[in-house]
Every structure is written in C-alpha cells, then in structure tokens.
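A.B. asks: Each chain, letter by letter, is given below.
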Amino acid sequence: MVTRLSGGLTPADGADPRTFPAIWNTTAGEIETAQADIAQLQAEGASTTISDTPPVDPGNGDLWWDSTDGSFYVWYEDVDGSQWVGIRAASSSASIDVNDVEPGSPLTGNLWWNTDVESGKSLSVYNGSSWVNAQPLSGNAIINGDFGVWQRGTSFTGSGYSADRFSFVSSSATPTTNSVTQETFTPGSIEAIGYGNAQFFIRSEITTLGSATAPRIEHKIEDVNTLAGQTVTLSFWAKSVNSNSGSIRFAQSFGSGGSAKTVSFSDTFSMTSSWQRFSFTGTLDSVSGKTVGSGSLLELRIYQESVDGSVIDLWGVQLEAGGVATPFRLAGGGSKAAELALCQRYYYKVTTDAAFKYIGTGFYESSSSMLIYHHFPVTMRTVPTLEATSGTNYYRLRPADYVDSISSTGTTLNAGGFFNNTQASGTAGNAGRFTTESSSASVAWRAEL
Amino acid sequence: MRQYEVIEFGESVTIAYEENGVRLSFPDNPSNPDYAEYLRYTAWVEAGNDPEQFWVAEGNEPELIEENN
Chain S
0 MVTRLSGGLT PADGADPRTF PAIWNTTAGE IETAQADIAQ LQAEGASTTI SDTPPVDPGN
60 GDLWWDSTDG SFYVWYEDVD GSQWVGIRAA SSSASIDVND VEPGSPLTGN LWWNTDVESG
120 KSLSVYNGSS WVNAQPLSGN AIINGDFGVW QRGTSFTGSG YSADRFSFVS SSATPTTNSV
180 TQETFTPGSI EAIGYGNAQF FIRSEITTLG SATAPRIEHK IEDVNTLAGQ TVTLSFWAKS
240 VNSNSGSIRF AQSFGSGGSA KTVSFSDTFS MTSSWQRFSF TGTLDSVSGK TVGSGSLLEL
300 RIYQESVDGS VIDLWGVQLE AGGVATPFRL AGGGSKAAEL ALCQRYYYKV TTDAAFKYIG
360 TGFYESSSSM LIYHHFPVTM RTVPTLEATS GTNYYRLRPA DYVDSISSTG TTLNAGGFFN
420 NTQASGTAGN AGRFTTESSS ASVAWRAEL
Chain D
0 MRQYEVIEFG ESVTIAYEEN GVRLSFPDNP SNPDYAEYLR YTAWVEAGND PEQFWVAEGN
60 EPELIEENN
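Protein sequence lines, in the order shown, are assigned to chains S and D. Sequence positions in the first sequence follow numbering that gives the first Met the number 0 and run 0 to 448. Sequence positions in the second sequence follow numbering that gives the first Met the number 0 and run 0 to 68.
Simulated from the structure, these hints should not be mistaken for laboratory data. Heads up, some of the hints might be wrong.
Pulled a few chain S residues facing chain D out of the computed Cβ check, cut under 8 Å [as the list claims (entries may be wrong)]:
| hint | residue |
| --- | --- |
| 1 | Phe184 |
| 2 | Ser255 |
| 3 | Gly257 |
| 4 | Thr378 |
| 5 | Val382 |
| 6 | Glu386 |
| 7 | Ser389 |
| 8 | Ser406 |
| 9 | Thr408 |
| 10 | Gly409 |
| 11 | Thr410 |
| 12 | Asn420 |
We put the CB at the ideal spot given by N, CA and C, even for glycine.
Bound conformation, chain D alone:
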C-alpha cells in the first residue's frame, strides 16, 4: 500500500511516496495528477473506507470502453 509523506520545506509543501525504488514527489497543486490522486485517496480514507481498498479499486476499475469489444 502506498504510504504518503507530507513534507513542509521552506514555503512549499511536498507530498512524496516511494514505489519500486523510485521516490515520487509533487507539490500541492491541483493541476498535478498525482496530487489529484492524493486528494481522492485522502477523501476515501476520511470517508471511513479501508485505505487498501482504494488501490484495489483503482487497479481494477472497470474498463468501460472494453464493453464494445
């Protein structure tokens, strides 16, 4: 499960996580897709959902356009 860190450095806020030996870090800017995903994750958790299920749901999102295969 992804573990986010929120780091304040100077006047900036950085959100970071590690995955497969890569550290990904991004600003708290809504136009950044990773930050948008972070916001969805925190909303999911704050709603009382199981954090692990967020990633399961993300990975197994129904592929809507496959229905036309």
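So here's chain S without its partners, still in its complex pose:
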C-alpha cells in the first residue's frame, strides 16, 4: 500500500509523486540504502530509470527501479541472453489496515482487520487478487457436528435424541409417522464437499406430519454465556430429496430460576437434492442484565419444512465466532476419540444392546441386595440419571442370580452404582460378574441439558 512517510521529502511542485517513490513506499533506512546503490552504479556509467514499466532497449548494467512496488533491477547480459535481474527485492510494504471499509490498492500480503460489526470483525489477507479469510480458527461449539457418534442406535421414530447431542423435536404433537436415521456416505461423496474423513450424516423424514408443528433438529450447547453478545456464523451442509426448505433459529435459555427464554437471530434456506453448504451470520444477544440459573444453554434449532414428505439430510454443523464460515472441523479438534469423550459428558452408553455382555463386578451387600459400581469414562456434566431397560431376567449377577431391573445409587459426576433389592438373592459378601442376559438389556447414564 502506498503511504506517505512522515518526515520524508516532498515532491517538487506539480511533480508526479511516483518520481519520488522512495518517499512514498519505503522506510527511511531503505531509502538511504537504495540511494547508495544507485549512486555507486551511476558512478560506474549505468543509467537509472524510475518507472512503473521496464525501460526500452536497456544496456548492460542499466538500472530500473520499479515504482509500482519498489523492486530494483539490473539489466544483465550474459553469454546466452539478457534479462532484468532483481538486485533488491521490493521492501516489505505489507501493511495492516484497521478499518470498516475495504482498503484500496492493496499489495499481496496486506492484512485487513475489518472493524465492521456486521461483517464480524474479521481478519483477511490480500492474496494478489482478492481478500481471503485469515481469521484464527475459533472452536466449533457444536459437538458431534459430523454425526460420527451414535451411542443410542442408528434408527429412531418419534421425538428424542438420535445422533449424540442432536434430538428431533416438534411442537404440539409428535408427527404421525416420522423417522430419524443414520445414513452412510457413499465413498467419495463426502470428499466432493471438502471433507474426506466423515462416515455418516443424519436424515429426518416426516412421512405424515399429523398435528405436529415446527419439526426440527435441535442441538443444546451448555451455558447460555456461550458466544453471547458475539457475531457468530452457523454453517452446515444440507440436502433434501424433495427439495424442501428449512430455517434456523437460536434461543437462549437461562436455566432453572433464570430469565425467560429469548430468541436470537433466525434465517431460512432452500435445499436441493445435492449437498450444499449454507452459512448464516448474526449476533447472539448479550446476556447482560439477565439472571442465569442452573442448566442454562444456547439452543440451535434447524427446522425442516412442516409438510408431509418433508426430508432433510444434514452434515458438518458448525457454530463459530466471527463473520466467516471457516472449513469444518470437529469440536474436539479432529480426533474421533475426543469427540466421543465430549459426547460422553452428556450421555454414556454402558452396554451394546446385546446379551451376555459384561457390565461390571458386583457383590451382595446383604442376602437380598446386590450392588455394582463402575466409573464413567469422563466426568459427566451433572450427576446423571440411569436409563436401564427392564424385562424378565434382563440382568444377572453370575453365576446364578437373575433380576429384571436395576436402579442407580451413590452416583457422582465420575462414578455410579446399580442395585437391586427386590429380587436379589445371595450370600452377603459374595461377588460375581454383572452381565446383560437379554439382547434388549440396555444401560446408559444421561446428563443431557
């Protein structure tokens, strides 16, 4: 960027300032260096041209100072040709502009901190032809945004959680017929949308809506302070075999005993049958002056069209600070193990919905009560609820004792216990392996928002 240096010489009256480029483009120290170079070469008989185009018919040793960028060249004739050879690269004239309007006449490498709030106060770099995002990556606030973790299963009907951290919800009623399913990318298809490390996407399909309204996929983000008062960008890929429309909305919920729920920005989108990345930039409301209770959260709602036959496929959900949708990345930094651990803060499936699977070591606390303890893989968000299916002889403290159900006891953020004191029968102090005995037996800990 051409800027006048303070303390530099002033061009002669009416003169084109480009004839004094050193005054305008570079530092005082570099001016002195360039002047010394030129003086020495001129003393040796070379001509010097200051121009924004190369001199015509140069002679060996002639000098050209390119007034467009400050580069300095010598015309060098050797045994097999002649050419301009750079003898001093352009001074590093990259600048940093702090402004709410795009800088004019930028040079490659210039940086621009856009102070425009609507644009999200983003940092860009000029690549020679356009400004491109140079924003340091902020985290993705959406856990399991690539729908890689499905602890609860892969096919669901009605309302409730499906892929970890995502739930299907509708107002007024549950749709008459609907499904939420895990779908597998065909090899190569995900690469086409710029991410080659994903396996699954989510599909929500409403065959018959009935009296349900506002069907949607929800994602709850812990703590209403998350990104509050900031410009944020939500992005995701979506498609719909029936080319349905959709909309997005954020709600800030202030938790138990907190202020009333509020809505931040919302927007709409129209899908085709092909994957397409949508992004939405807006500002989440400040929580200043609000009362925040326990269990507060930021809620993302992705609505699907409220009609029979409504279908939405989703992948790569990302919520980040700033006004630009950056390339998708997982909340856990890219590791599938880290993403699973983040999910397990809210829900931990102990069993695999199969018979004869080991859950833990148990013992008889008395002749009529059995107790089993185990540790959670990660610290849970809150002291969790035990979700355990029940049915005839679903569980067994081996070698001999069958029970239909279990309840939690002594639960903390890091460990939990199961007990049965209605059917258990054994010798106090004896231990055994606690296992599932039915393929319908399922044990999980839930600490969802």
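We have chain S already, so just place chain D on it with the hints.
C.D. replies: Below, chain D alone, put in the same frame as chain S:
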C-alpha cells in the same frame, strides 16, 4: 401418568420411575434435571393440583419461540 418411587438404599436416596420399558433412576441432587422435574411435580401436587394435569401442562407448554414464525 408417571409413578415415582422413592427408594432408600444404604445412605443414598434414589427416585425412580418406569416409562416405555425403561427404568429411570436418579439421586436427590438438585443439579439433576430429572430430580428438578420431580421437585416441580411434587410441588404441583402439594399445591392441590391434579397430578395428571402436570404432565398435560408439561407436554403442551406454549412454545414461545414459535411465535416468531
């Protein structure tokens, strides 16, 4: 209608109920959302309200943010 059980086991208190073949059980810890809901339910009943109406009210809570549709 949901039927809560309050079970004392050792030094712990567990609240439990069954729904759709799943037994849900949780401690008497205010940070647990199910326990918070249990407390709201018991307060509703103790105030002389019809227990069944608590779940009707819960299920049909006005969806405030839909008003902007």
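A.B. asks: The structure should be examined with respect to each hint, and the outcome stated for every one.
C.D. replies: Consistency of the hints with the structure:
1. Phe184: Because about 32 Å separates S/Phe184 from the closest Cβ in chain D, which is outside the 8 Å limit, the hint is violated.
2. Ser255: Since the shortest Cβ distance to chain D is 6 Å, the answer is holds.
3. Gly257: violated (13 Å)
4. Thr378: violated (13 Å)
5. Val382: holds (4 Å)
6. Glu386: holds (6 Å)
7. Ser389: Result: holds, 5 Å to nearest chain D Cβ.
8. Ser406: Where the cut-off is 8 Å and the nearest Cβ of chain D is about 4 Å from S/Ser406, the hint holds.
9. Thr408: Interface hint status for S/Thr408: holds (5 Å vs cutoff 8 Å).
10. Gly409: With a minimum Cβ separation of about 5 Å from chain D (threshold 8 Å), the hint on S/Gly409 holds.
11. Thr410: Holds - the Cβ of S/Thr410 comes within 8 Å of chain D, reaching about 5 Å at its closest.
12. Asn420: holds (6 Å)
Hints 1, 3 and 4, counting from the list given before, are not met by this structure.
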